[in-house]
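J.: What follows is each chain in one-letter form.
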Amino acid sequence: MKSVSQIRKRTALIFLIPVTIILLSSALYPLISTLYLSLTDAELENFLNPNYVGFINYIENYEGMWYGVLADSLFWNSVRNTLVFTIFSISLEVVLGISFALIMLIENKLKWFVRAAVLIPWAIPTIVSARMFEWMLQDQFGIFNYMLIGLGILEQGKAWTTDPQTSMIVIIIIDAWKTSPFVAILVYAGLKALPNEVLEAGKVDGTNGITQFYYIIFPLILPAIAVAIVFRGLDALRVFDLIYLINAGSKDIMSMTVYARREMFEYSHFGFGAAASTMLTLIIGVIAVIFIQRTRLHKLDEME
Amino acid sequence: MADINVNTVNKYFGDVHVIKDISLDIKSQSFTVLVGPSGCGKSTMLRMIAGLEDINSGTISIDGQVVNDLPPKQRNIAMVFQSYALYPHMTVFDNMAFGLKLEKRSKDEINERVNEAARILQIEDYLLRKPKQLSGGQRQRVAIGRAITRKPKVFLFDEPLSNLDAALRVQMRVELAKLHNELDATMIYVTHDQTEAMTLADDIVVLDTGIVSQKGSPLELYDKPNNMFVGGFIGSPKMNFMPSKILSKSADSTEVDLMGMSKISVPKLSASSSEGDAVTLGIRPEHLVVNGDADGSWESKVFVVEKLGDVTYLYLEKDGEPLVAETEGHSEIKVGDSVKVGFPAGRCQLFDSSNQAFK
Amino acid sequence: MKKIVLSLFASLTFIFSLNATAIELNFAQGGGSQGKMTMELTAEWEKKTGHKVNFLEMPASTSDQYVQYKTWLSAQNSDVDIYKVDNVWAGEFGTQLIDLKPFLDEQLEIMPNVLSAYTTAKGEIIGLPYSVGIPMLYYRTDLLEKYNRDVPETWDEMTETAQFIQDKERAAGNDKMWGFVWQGNAYEGLTCDALEWVASHGGGMIVEKDGTISINNANAAAALDMAAKWVGTISPEGVIGYKEEDARGIWDQGNAVFMRNWPYAWSLSNKDESSVKGKFDVVQLPRGPNGKSTSTMGGWGYAVSKYSEKQEVAVDLVKFLSNRDAQHATIAEYSMPPVYIEIYDNKEHAETYTLLPLLKGPSQALLPRPSAQTSGKWPQVTVAFYTAAHEVITGKKDGATAVAELETALKKIKGKGW
Amino acid sequence: MNKLYDKIFKYGLQIIVIIFCVFPFYYAVMTSLEGSAAVFVPNFFPTEINPKNYIYLLFEHNFPNTILNSLFVAIVTVSISITISYFAAWSLSRVNFQGRSMFLFVILAISMFPQIAVLTGMYQLFLNFKEFYFNIFDLRVKGITSLLWLCFTYTMFNIPFTVWVLTTFMKGVPKEIEEAAIVDGASSFLILRKIFLPIMTPAIFTTAIMAMIAVWNEFLFALTFTATNSDRTITVGIALINGTVEYEVPWGSIMAASVIVTVPLVIITLLLQGRIMSGLTAGSIKG
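Protein chains in written order, with our numbering: chain A, 1 to 304; chain B, 1 to 359; chain C, 1 to 418; chain D, 1 to 287.
By construction, these hints were calculated from the structure, which means they are not laboratory data. What you are looking at is a predicted structure, and each value in this text was computed from that prediction instead of being measured. Careful, some of the hints might be misleading.
The calculated DSS-like cross-link candidates involving lysine-lysine, where the alpha carbons are at most 27 angstroms apart (straight line), are [said to hold, decoys possible]:
(1) K73/B with K3/D
(2) K9/A with K194/D
(3) K251/A with K229/C
(4) K132/B with K175/D
(5) K251/A with K271/C
(6) K245/B with K224/B
(7) K109/A with K10/D
(8) K104/B with K175/D
(9) K52/C with K130/D
(10) K271/C with K52/D
Sequences and hints are given; from them, build the entire structure.
T.: Structure representation (structure tokens):
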């Protein structure tokens with residue numbers, strides 16, 4: 001006979017077996033093979049039987065010139081782009097997501113429309129929304145330029161997605177449009193889980209909307225926001241399809257993943273690309289650890 | 001029906017030693033209240049009896065059977081939680097029937113038992129409602145009802161009334177007492193409220209940082225606290241404590257000096273103390289004599305007067321030592337008045353330097 | 001569930017209906033009319049031989065196809081026997097596809113300049129082309145007539161005419177009119193356009209046949225500078241983001257005097273809903289001061305995987321699909337520029353495919369991108385080249401700086417050799 | 001007066017949100033209804049209503065099949081990952097055992113790896129899996145193999161997210177409710193089935209919808225692992241839409257396909273909205 005908590009511990013471990021099996025069998029192998037690949041000279045021809053070459057894909061001095069991922073200014077350029085993209089798109093998404101969530105709380109005849117509408121940007125596959133925005137932002141027959149010209153803001157259509165000055169901003173806005181519903185839904189769920197009294201209490205105290213939100217609601221939905229930020233942040237740091245679909249060839253918006261993909265699949269530098277992927281993972285890992293420490297998200301998994 | 005024996009039980013949370021070598025005997029059909037300030041380990045004790053927490057060492061037995069490794073359902077207990085812990089998606093009926101369904105009782109029996117419990121608790125009209133449609137008091141009744149239907153040998157209550165407002169709390173308290181009489185079950189009740197403890201308990205167990213400070217009937221605790229902690233914890237307003245010194249010892253009493261104001265010969269003894277020792281004199285507000293004859297007396301100024309109707313509390317002070325005294329409800333004494341306070345020797349308690357009471 | 005049952009059933013019936021001699025091929029190719037054409041021809045071949053072909057439809061985007069092929073080939077996938085290949089993939093996939101040279105016969109006298117794109121540095125022919133892409137200058141016959149202008153032969157003439165007509169048309173109230181639209185996005189299309197400018201200025205072909213990097217020269221710099229001047233004058237600012245369809249969109253609205261585009265636009269712009277139907281013609285692309293008219297070669301061919309277990313049959317099908325007879329049989333319906341020179345002169349075909357005779361000149365000016373000589377490194381070369389060109393047309397750098405830096409970059413890419 | 005102002009303000013906010021979210025989709029619908037030339041003219045309302053793009057996709061193209069494939073993959077993936085994660089979430093949120101935080105962190109770490117980097121590794125694994133699978137069943141059920149493999153891959157990518165979100169949600173359920181059930185005699189499995197499942201339903205639906213959208217929208221792996229027309233999924237299906245001639249981008253058909261792809265998701269979310277939006281907890285949990 002076992003005590004309840006012993007039985008529970010045993011049950012808990014049994015319940016974790018499927019997750020562990022799936023993650024071990026399917027995640028670990030590709031991870032290790034990527035790590036290994038990054039230490040080889042794998043190219044298209046010898047992909048299945050590459051030679052071990054050590055760390056030269058990371059850095060190598062050959063006849064006085066530095067080679068390797070770490071010596072490639074384009075890589076660091078893509079790191080910078082990715083960080084800029086992540087910081088701005090996440091900030092915008094959190095602000096929009098929380099605003100949407102609060103607006104979704106309004107109870108009136110339009111509420112179902114709002115709740116349905118918020119889901120639409122997110123339900124549209126990226127491959128489609130990228131095309132849609134590309135289309136809407138086209139300089140000559142895009143509706144966006146048409147509107148701006150009509151309003152007298154622009155004289156001539158602008159190529160928003162390719163202009164080096166605007167392409168990053170455009171990408172950030174499209175991404176925010178597409179993914180703020182994700183934040184909105186998590187925050188909305190968090191808001192709905194709050195006791196009604198919390199919202200009521202704020203009203204009785206006569207606190208106005210913003211202070212009520214800041215002092216009462218915000219701290220309570222912080223866990224939901226933190227989870228949303230972590231997963232959105234991980235996605236943003238690995239951003240690929242949007243940038244690839246809108247403007248794959250541009251240096252101005254090239255992200256780390258686009259860089260790694262290009263090395264692997266366009267240049268067939270599988271070893272080099274794997275090294276870039278490994279670096280990318282390291283960078284993401286460091287950022288994630290710092291973020292989790294700072295936001296004390298790891299406290300979320302402590303028993304109260 | 002069920003004796004409960006707790007034998008040298010220890011419990012650690014990580015490095016924190018929350019229950020220290022506790023031994024307790026709880027008599028069958030008694031109403032025992034575990035009382036103490038928050039963090040004293042009373043809830044943990046209850047949860048160990050329930051089987052929700054593991055025991056690190058020692059044994060707990062119910063009816064002579066060691067239950068350390070028995071899951072709650074085999075201990076024949078039921079528990080009522082402070083937060084009610086009703087299943088939000090089930091009706092009141094289903095909430096109360098859930099345990100019985102798990103025991104695979106027949107439909108008729110379930111119906112009968114739930115209706116019986118509902119009748120006792122006067123919640124028959126709400127059986128088909130969901131918890132969120134009920135008031136706090138009604139939810140608490142459902143939570144109790146859920147315990148009753150299972151006809152357990154032992155009822156465990158974890159601060160069941162602390163989420164209710166004052167009036168409701170008094171009412172529920174009476175009903176719980178009635179329930180205890182009706183059900184003839186062993187009840188263990190955890191609270192931090194000494195009034196609840198005093199009114200409900202056959203036996204009170206006062207816990208202090210993981211140890212049993214004193215166990216006894218309410219009046220035993222009230223009249224003969226074992227130590228300063230119990231003396232201070234039981235009774236409201238709190239017992240007054242004042243520093244004093246032993247002047248002399250005799251066969252049946254100890255003469256102490258009361259802050260140089262007067263001498264009192266308290267009929268209490270302690271073998272371990274000797275003349276000149278610093279001790280603490282304790283006396284309850286209701287035992288102080290205001291403007292009347294008593295063994296020792298003082299002059300003091302009144303700086304707060306609390307009129308409660310039936311009684312009046314006077315907040316006094318002497319040389320930095322606060323003192324609360326009770327007097328009649330319609331007292332004429334005002335703030336700023338000087339009153340004479342008397343210390344009847346027979347009502348005084350003495351505590352030695354390790355806070356243990358003189359016998 | 002139903003699906004599982006159905007496919008289980010389907011595969012069971014399939015297993016039992018297998019006959020001993022019939023061979024099943026898997027054929028990766030695109031959709032659209034090219035795909036339809038291939039499928040029709042293949043159906044004939046199936047009837048003739050009794051073999052069976054499964055088509056694996058590839059994404060429309062060339063780079064998506066490319067990634068999928070690469071994944072398959074790097075994993076040495078034997079499931080796919082035949083690939084439809086772009087003419088610039090010879091260097092890249094050269095070692096993964098079989099050499100078709102031994103199978104060439106008199107039925108396959110493909111134009112040498114076209115075939116050279118499918119020839120690796122080692123001289124192996126890894127694909128047989130079935131159609132060729134020929135960029136041309138589209139011009140508005142009505143506007144040139146209205147302003148009494150000749151069809152331009154040099155870039156300067158074209159620029160001047162474009163500016164003149166654009167100004168006049170705008171003055172007349174048509175404020176959306178542009179002189180020249182082309183492909184300026186940072187992508188493979190810009191490589192095609194820029195190679196034409198450079199080569200037609202006598203600036204070489206980036207990397208010459210023998211592997212020397214030739215891009216750092218004054219002619220090339222001048223060619224790029226010329227294009228940079230178009231942006232914002234005769235071409236919209238947005239041209240730096242244009243692909244083929246963006247240019248055609250403006251053209252079809254009647255808002256451009258000249259357009260650089262592939263033959264596909266001919267049929268689309270001659271449709272009823274196009275505003276320029278019957279008002280335009282095509283001509284060889286203009287030339288620069290020191291060079292001759294050049295068209296960057298496009299087009300597709302068929303190739304057989306080295307990992308195929310049915311190479312012999314696959315080669316038979318590829319030969320069947322790209323021979324003369326096949327081209328004759330399909331040209332009327334599919335209007336694709338053929339790979340045999342004499343077909344351009346065929347009067348009969350010219351009746352149904354009116355563009356055909358006009359294509360002969362440009363077909364001789366075709367220049368393959370230097371993908372064969374740069375072998376596996378072509379993808380890096382083209383990215384470096386179009387990035388440099390894009391930097392010039394967006395005004396970040398001038399032509400001379402860009403080509404000098406490009407030379408350094410290409411040397412680094414070349415490393416110990418192509 | 002103040003009340004009216006408040007009302008108008010709220011409606012205003014809602015309308016802004018609706019326009020912001022829906023306009024691009026509306027524009028796609030409009031484009032999908034226009035003929036090929038009208039597409040190149042910017043306007044806010046369709047100049048013609050022409051269903052030819054839809055007719056083409058639904059009756060002359062392989063598109064309906066890709067929808068079925070995507071549905072199959074989405075349903076299998078979401079059911080498996082939600083079921084597995086639901087039980088794992090209980091372990092991770094309710095039971096105190098050593099290495100629990102570590103486990104959560106490792107799960108998160110796995111989701112840090114760029115998917116593009118594991119593509120080739122996954123593909124090799126896929127080939128082995130195919131061989132293994134064929135050896136066992138000796139049947140060339142290719143389509144199902146690819147789809148099953150997609151399900152497996154997506155489950156792997158979804159699990160970090162679903163585990164984390166469900167764990168967070170489950171922490172929100174007061175532990176007393178579970179203890180009450182333990183005292184009532186319920187086993188952990190029974191508690192998960194009879195007590196937590198109804199309470200967690202909104203959270204589970206929310207998570208499931210999120211996972212479903214992720215699966216529905218995935219392109220890269222679907223492109224790599226499926227090759228035949230019979231086993232393509234919708235995003236790949238959209239990428240397969242060719243113009244009649246090379247270089248032509250058939251905007252109308254692509255937009256029509258996008259609308260067809262998006263509508264089922266919107267319908268599903270609308271149907272489940274009641275559950276998703278009813279709030280995560282109710283009744284006594286809210287106190």
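J.: Of the hints stated earlier, which fail here?
T.: Checked against the structure, the hints that fail are numbers 1, 5, while the rest are satisfied.
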